[in-house]
Amino acid sequence: MTDTAPRELPLQELAEVIIRFAGDSGDGMQLTGDQFTSISAALGNDLATLPEFPAEIRAPQGTLAGVSAFQVRISDFAITTPGDAPTVLVAMNPAALKAQLHNVVQGGALIINSDAFTERNLEKAGYESNPLEDGSLDGYRSYPVAMSQITRDAVAVHGVKPRDAERSKNFFALGLISWMYTRPVEPTIEFISKKFSGRDQVIKANEAAFQAGYNFGETAELFESHYEIKPAPLRSGEYTNVTGNTALAWGCVAAGQLARLPIFLGSYPITPASDILHDLSALKHFGVRTFQAEDEIAAAASAVGAAFGGALAFTTTSGPGVALKGETLGLAVSLELPMVIIDIQRGGPSTGLPTKPEQADLMMAMYGRHSESPMPIVAPRSPADCFDAAIEACRIALRYRTPVMLLSDGYLATSSEPWLLPAVDSLPDIGVEFQKGFNGTNEDGEGIFLPYLRDPETLARPWAIPGTPDLMHRVGGIEKEDETGNISYDPENHQKMVELRAAKIEAIEVPDADIAGDADASFCILGWGSTWGAIDATVARLQEAGHKVAHVHLRNLNPMPKDLGEVLSGFEKIICPEMNNGQLVNLIRAKFLLDVKAVNKMNGVPFTTGEIEAAALAAIEAP
Amino acid sequence: MTDTAPRELPLQELAEVIIRFAGDSGDGMQLTGDQFTSISAALGNDLATLPEFPAEIRAPQGTLAGVSAFQVRISDFAITTPGDAPTVLVAMNPAALKAQLHNVVQGGALIINSDAFTERNLEKAGYESNPLEDGSLDGYRSYPVAMSQITRDAVAVHGVKPRDAERSKNFFALGLISWMYTRPVEPTIEFISKKFSGRDQVIKANEAAFQAGYNFGETAELFESHYEIKPAPLRSGEYTNVTGNTALAWGCVAAGQLARLPIFLGSYPITPASDILHDLSALKHFGVRTFQAEDEIAAAASAVGAAFGGALAFTTTSGPGVALKGETLGLAVSLELPMVIIDIQRGGPSTGLPTKPEQADLMMAMYGRHSESPMPIVAPRSPADCFDAAIEACRIALRYRTPVMLLSDGYLATSSEPWLLPAVDSLPDIGVEFQKGFNGTNEDGEGIFLPYLRDPETLARPWAIPGTPDLMHRVGGIEKEDETGNISYDPENHQKMVELRAAKIEAIEVPDADIAGDADASFCILGWGSTWGAIDATVARLQEAGHKVAHVHLRNLNPMPKDLGEVLSGFEKIICPEMNNGQLVNLIRAKFLLDVKAVNKMNGVPFTTGEIEAAALAAIEAP
Amino acid sequence: MTDTPMRTQPADWATDQEVRWCPGCGDYSILTAMRMLMPELEVDRENTVFISGIGCAARFPYYMNTYGMHGIHGRAPAIATGLAMARPDLDIWVIGGDGDMMSIGGNHLIHALRRNVNINILLFNNMIYGLTKGQFSPTSEVGKVTKSSPMGSLDAPFNPVSVALGAEASFVARTHDMDRQHMMDMFRRAHAHKGTSIVEVFQNCNVFNDGAWEGITKKQNRNANLISLEHGKPIRFGVDDELGVIIDNGVAKVASVADVGEAAVLVHDEGKTDPSTAFMLSRLARGPFEPTPVGVFRAVERLEYATSSTSQLAMAHNEKGSGDLESLLRSRGTWQV
Amino acid sequence: MTDTPMRTQPADWATDQEVRWCPGCGDYSILTAMRMLMPELEVDRENTVFISGIGCAARFPYYMNTYGMHGIHGRAPAIATGLAMARPDLDIWVIGGDGDMMSIGGNHLIHALRRNVNINILLFNNMIYGLTKGQFSPTSEVGKVTKSSPMGSLDAPFNPVSVALGAEASFVARTHDMDRQHMMDMFRRAHAHKGTSIVEVFQNCNVFNDGAWEGITKKQNRNANLISLEHGKPIRFGVDDELGVIIDNGVAKVASVADVGEAAVLVHDEGKTDPSTAFMLSRLARGPFEPTPVGVFRAVERLEYATSSTSQLAMAHNEKGSGDLESLLRSRGTWQV
Ligand SMILES: Cc1ncc(C[n+]2csc(CCOP(=O)(O)OP(=O)(O)O)c2C)c(N)n1
Ligand SMILES: Cc1ncc(C[n+]2csc(CCOP(=O)(O)OP(=O)(O)O)c2C)c(N)n1
Ligand code: SF4
Ligand code: SF4
Ligand SMILES: [Mg+2]
Ligand SMILES: [Mg+2]
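Protein chains in written order, with the numbering used here: chain A, 1 to 623; chain B, 1 to 623; chain C, 1 to 337; chain D, 1 to 337.
FYI, nobody ran anything at the bench for these hints, they're computed from the structure.
All values derive from a computational prediction rather than experimental measurement.
Please note: incorrect hints may appear among the correct ones.
To be verified - As a list, the in silico DMTMM-like pairs of lysine to aspartate or glutamate whose alpha-carbon atoms are at most 20 Å apart: (1) B:Lys573 x B:Glu611; (2) B:Lys597 x B:Glu621; (3) B:Lys496 x A:Glu611; (4) D:Lys147 x A:Glu56; (5) B:Lys194 x B:Asp429; (6) A:Lys98 x B:Glu123; (7) B:Lys562 x B:Asp490; (8) B:Lys436 x D:Asp44; (9) D:Lys253 x C:Asp274; (10) A:Lys194 x A:Asp455; (11) A:Lys591 x B:Glu621; (12) C:Lys147 x B:Glu128; (13) C:Lys233 x D:Asp44; (14) D:Lys253 x C:Asp248; (15) A:Lys98 x A:Asp115; (16) D:Lys133 x A:Asp455; (17) B:Lys496 x B:Asp470; (18) C:Lys253 x C:Glu290; (19) A:Lys597 x B:Asp595; (20) D:Lys147 x C:Glu319; (21) A:Lys436 x C:Asp44; (22) A:Lys124 x D:Glu18; (23) D:Lys272 x D:Glu301; (24) B:Lys98 x B:Glu119; (25) C:Lys133 x B:Asp470; (26) A:Lys436 x C:Asp89; (27) B:Lys548 x B:Glu509; (28) B:Lys98 x B:Asp115; (29) D:Lys253 x C:Asp269; (30) C:Lys147 x D:Glu319; (31) B:Lys597 x A:Glu499; (32) B:Lys98 x B:Asp76; (33) B:Lys591 x A:Asp595.
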């Protein structure tokens, strides 16, 4: 069994460890976590990460609001989540301890910078007495280390001022943890000199701090043992570590290449989507044009304009932005032009919890436009999957000439996982042909262009871009006559066009439902998007405990897989964990009249395996 | 039987007649129809009207695009629709005949201004030969009358120039129809002198034309008979004739009085909602402030501001406007302030068919905002019912401190029906108390104000408006701590607030489901909004034909009546006619797992009784 | 790009769609001016695009035999910006009314102007909402009685030229629907300008605001109230050219040339880097009843947006080579398993 | 309306919420200026409202012990307009950043200005998007390298004062976060103005755009680069007051007073009906490195919106009597059955 329950010590070899680095925003915890992740990846562990940023830009130092954390799980077996609860917490100050302790498993290890536990810091964190002394850490294995002091001493020889010296204490912590988990020293030394290249004193200080940490572990006899985590049996190949947002940006670029089209992004900054804009802005050599618009409406409108001009057009945003784009997306639906809207879902309603994930924009993606305005929806299930999902969204948009909504969330956006890089030439060709000549004749037998004449197979209309001789035509949001695209107020035509638009989306070819776990089980967990990892891990646990359980995870939310009704009808019980109030459940119930049970969570924190397991067991045991 | 099938002639007494006046936009058909409606109302007939405007501002004279029509149905029994198909068509020119003929029942009467059937006009209307001569009107009783000429002759004595004289020909038509249906002369004479007061020559000309029409009927021996339609057995009392938009405007004013609050309307013009803005702009003496904003977002935002200040705030628009307001309405949901959003639904998607009705914004009303952002929805079922629906929407908004969506449509907006005026003092008191003092105490026992402390019964938060001493507080769209309303990023608090917001809306007290027809039937027609009239008439027809049928019509779409699941489960078969692709059906299926059958129509034209009857019979007969 | 370039005729620029404005609407003469100008510009129909929002004016694209998009209310400048960035090779015209451009679309308009993307914006100002049947617009005069302002509107109007100049516009002109030649001149100039150009067109809505511009544009009023701005020429007007524009204590004023002397009359310089003088001229009239300038207020060169964006793409290409997907996927480090 | 009016203290205007801006942020000093000003204005906390959008600046309302609303991005002027119309009795302040007010909220801003509704708008201009961690804003200089413009931004910035003047603003001022007294003066003037007032506040974002205004606002640079506008006084500055602003060929320029003579120096008149001179002054500096005016650019009286709306209500009341529902329902004619 490879669960996260407290284990006996000392153990030489571990199956996995979940470490959470936590400190003040200025303490460099993200960097530390990232680097630990890198070394572990190189050692062949499987891994998953989850950063946690403070909501404020720069909350006052030492306060709870200012705590920044980074959780990494490394293992010798395949994993799909960063783990429910850390077994090791590195706490750089009282606030970090206070904010994070409740997450740590009972009996877990606390590696604490005891120097930071001054009266002032304790007060800032809201401690009435010193937890290092008052017994409140009794259920844990706590290791107070004078990190600041030792770091200062270690770097002093390099002539660094005490104040600056302390800045290196995150490298001390990294050294110590590296020793504990027998990570090699060289990669970090290399990393330091690359990262801080040109700032020699900083390099020296960080190196010294790192070594000091490493040596401290070896010599201090504070720890009972150190641990090894063997490589995981991953598929062999070349891996990189990506966050969901980066994978999305790369997926957009890849889609442009696979479609042989220039890329246009119209965007307005918003957390947690801005990084895609940032990433794509730096990829101009891929023919990527980014446009930081004056607002979300202009961002979407500019994408419509670019799509009309023949670009592969994107607009990236989060929920509030999608709420603003509704009218413009309705125009895109009516124009039947390809484009992709990326929504990195965050906590709501309204401004809500901007830095926390939710999956609560599904209904808006389906219905957030006036009238009947159908739009395909695609959702990635893991950080690396964002790459494929972006390509899939583009495939649908281009082939069917339609705006497509891609629903990621703040959790996928910032967490990361190892990604077995695909062979670029194995990626699908999603190219389309622009219309080049007439596609009809008039009464006099002359060639004419019918902008709304549909491909009989896909129901897509031709994409004839400005600059193409002879095909001049006008499009617009008023109802259009079938085939000619001229304005038409004719009732029958309107009925027909409404039906055609619906039929086109409904008939989009999408892969059949993917059933993981036991296909012949009577119990099924249905999911979509970022709950995949937690559900997948739950299924493994349940199976190990002797339960039969299936897992159906939807990537295509609209249209859904054609066999989905049949597949789901085969199960006696279905639960659906969602970070919303039951949105997919509603869609499934309405479509298939199946009594799917909602398992909802709306607290801004992704599901843990434990939570889903509990819900599953309750459902399995229910009469 | 009182159906609209062709009836034998001559008949002295008729149960009903459906007349459609049709002519060029400049021909004054709306005025003619309105006046005919007024006289018939005064005679005690029941009636219903349906105007039909051209889509263009001023389409070229004589063209199909320029045809303006007005249908009125008058009867000696209670009716709820303007009728499926006219039995009499008054056509002032070839375009009017061409555009409208297909609506007329076989054997119906065509009263035609034959003078207008010139070669040029025939060509403009797209006729290849003259329908008055080529036998194409054979299935009808056609009465060509030289209306222009007779009118010119009649008014010549008053010294009116021939060109101006012809302008009166609509009054000639009105006179003729008044004679045919034995309407009194005086009310129209009075109307003319009031309407055109100060323009003596116009008055004389119109009077003369009207008299000429009346006399023509009596003397021309063209018609076999004239008809009488007895008063309908309406409830006694004082009636007026209102369109839905006017009833909405009055309902808003009434709500202000019933709540003893000043009214604020933030709006941006859009068809078919603009008239509410126009009506309310003219009611400043009721303390109504209207603000024509720069766009729909500002319109909604200004309403949020006014609501914060303690006004009864409205924003009126149509689908594209609601699509723009989504983010702002999400703020209103988060702030938990009362306001009413009025959506006069029109054909979509995008600009769609601006002058045609649809019921396709229901899903957007439910889900057109990011995250979980629940909002009550109310829908009127007839023009006069708009008045009550507005008060109901305000009641919910005020009592529960929430934005409420009111969904009317372009059909209700412009059609009219007689309305038995309510006794003003029988209208409900929907007043609320502003918070005036502290509602909590701090640790030191001092009074404090908790802006998110909820009323245990309604879960509403206090409404404390600026200007109230001591209750200074800040609200915003970021997640708020329960009770204090302070910004909170706490996961448990977020979960709780999401649940509280949902629970508040779900628990709103609304009337139980209203079952019309046979409550013990096994077949039910479910509807909402403006389909009410057509469903009601269908139910009557089916009952007369010996079928048992129930009619459940929803005014409260969110939350739905608490007993609705139980009520609907009692039927074996349910159909649901909607002017959309099955939106209420989806909500009902998801909520109750009931296999309600959709009967959809999306051609911009309201359901006819015949269409619903056919769908009902098919469902009843299906195995 | 036809092999044998033949000069087009105005009729080649007309579509088969019936023009659906009200008879007598000022929009017709603007359409005619545009169709007559096109052959002169020697541009191709397939490389020309008309983008509009919603409103009567916004129906314009349907009547031009080019590529076109009838968008949504207010968003045309944003749609056009995306198109212009994706396709800097095209000639893009943006058409909209005073409501479309200055009310719901005001923000997109001012942002397009500051960015200076290469589009030609024509603002048909009829000081009314035509399509929605006559509500006051952001250019309607205070006190205007309309359906939505039965006691008169309270909103001070925008002066589109002032707004444009305040928003860093590089090309600003004004013309009116009663003078085809002047319209063609202004449109030609707008077309020649690299960057965003805006031309305000005084347009008569004969149904809901008939004669609104008459005080200036009617033949018999032109001498007294229409001031024609011509680059390099003293700004003079009047029945006998007896009036001129001067700068007095930091504001532009009309004066009798006899009183102030010829030398005092302002010589129009549309090319000044500083927009202040152009702004002054935009303030001369406080309503359509006072001497009002038409012509090019401002025409200056500055970075065109799409071209600059193309340059950045080229620079990135030069620096980093043509983007290679294989190496992009490896750019954050990799390891082998 | 307390019975015994007691002068409040700055601390009375603070809430119990911890201020959450980055240490060193310019927003702190603006907050202090506001809290210090309030007692001087002798207004009541319960009659004062702060409305904001989203951004660092927009957190402001949480820190003022008044009524307040932290709205949504860009919409504060529209929310405030509704509040001001519903409640003309209140003192309403609108706070927002350069992104909030000039990017997504640009349209609401210019419409509020032209309508002249009685609100005081403070635009905290740090030339960057702070809250979203450092993208360029509509006031950022061309070429600015940020996360979203790694090769430099291409967008010409707005000059908020020019935009405001182009949009018919009746009160426009500018101040900076390094001079509390001057801020208080400007806020006081804005508060006293009946109608929409806008005050641009140069604000330092020390995390994402540190020192952006230093060239003007730093003590040692002020003499050379900060031009203080004072009504009725010649516009002079310089270490030894040796420089002055003149109007030359229709534009404002800096000149050596010795060269041009004292008489040529422009005397500042904030009350001119014509905004042209104020506009000229707004064009003096082309970026935060040249002599830049602060102070009141323009302060003129014109119809206040909410008051006018109230007058219309009163007039309607006088003409038609207090609205009576019974008769409203009968206003389109009735009949008896
Ligand atoms: C989002 C949205 N809001 C409102 C409308 C309604 N609408 C259409 S055109 C228009 C204004 C028309 O005025 P203007 O732009 O001046 O054009 P004109 O008709 O005068 O040429 C309005 C309010 C709409 N179509 N879409
Ligand atoms: C609709 C919407 N779009 C985008 C955002 C993200 N956002 C929040 S504040 C902001 C801009 C902040 O810049 P500024 O207004 O200049 O304020 P500052 O933080 O610099 O004070 C953005 C883009 C949002 N909250 N809502
Ligand atoms: S309403 Fe006015 S602007 Fe519109 S087409 Fe008619 S005349 Fe022209
Ligand atoms: S990010 Fe900049 S503007 Fe925002 S609080 Fe920090 S220093 Fe101030
Ligand atoms: Mg207009
Ligand atoms: Mg800023």
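Do the hints match the structure? See the list:
no., hint, in the structure
1, B:Lys573 x B:Glu611, "holds (18 Å)"
2, B:Lys597 x B:Glu621, "holds (14 Å)"
3, B:Lys496 x A:Glu611, "holds (17 Å)"
4, D:Lys147 x A:Glu56, "holds (19 Å)"
5, B:Lys194 x B:Asp429, "violated (37 Å)"
6, A:Lys98 x B:Glu123, "violated (85 Å)"
7, B:Lys562 x B:Asp490, "violated (33 Å)"
8, B:Lys436 x D:Asp44, "holds (16 Å)"
9, D:Lys253 x C:Asp274, "holds (10 Å)"
10, A:Lys194 x A:Asp455, "violated (54 Å)"
11, A:Lys591 x B:Glu621, "violated (24 Å)"
12, C:Lys147 x B:Glu128, "violated (42 Å)"
13, C:Lys233 x D:Asp44, "violated (58 Å)"
14, D:Lys253 x C:Asp248, "holds (16 Å)"
15, A:Lys98 x A:Asp115, "holds (16 Å)"
16, D:Lys133 x A:Asp455, "violated (46 Å)"
17, B:Lys496 x B:Asp470, "violated (28 Å)"
18, C:Lys253 x C:Glu290, "holds (11 Å)"
19, A:Lys597 x B:Asp595, "holds (18 Å)"
20, D:Lys147 x C:Glu319, "holds (19 Å)"
21, A:Lys436 x C:Asp44, "holds (16 Å)"
22, A:Lys124 x D:Glu18, "holds (12 Å)"
23, D:Lys272 x D:Glu301, "holds (10 Å)"
24, B:Lys98 x B:Glu119, "holds (14 Å)"
25, C:Lys133 x B:Asp470, "violated (48 Å)"
26, A:Lys436 x C:Asp89, "holds (18 Å)"
27, B:Lys548 x B:Glu509, "violated (31 Å)"
28, B:Lys98 x B:Asp115, "holds (16 Å)"
29, D:Lys253 x C:Asp269, "holds (17 Å)"
30, C:Lys147 x D:Glu319, "holds (19 Å)"
31, B:Lys597 x A:Glu499, "holds (17 Å)"
32, B:Lys98 x B:Asp76, "violated (31 Å)"
33, B:Lys591 x A:Asp595, "holds (10 Å)"
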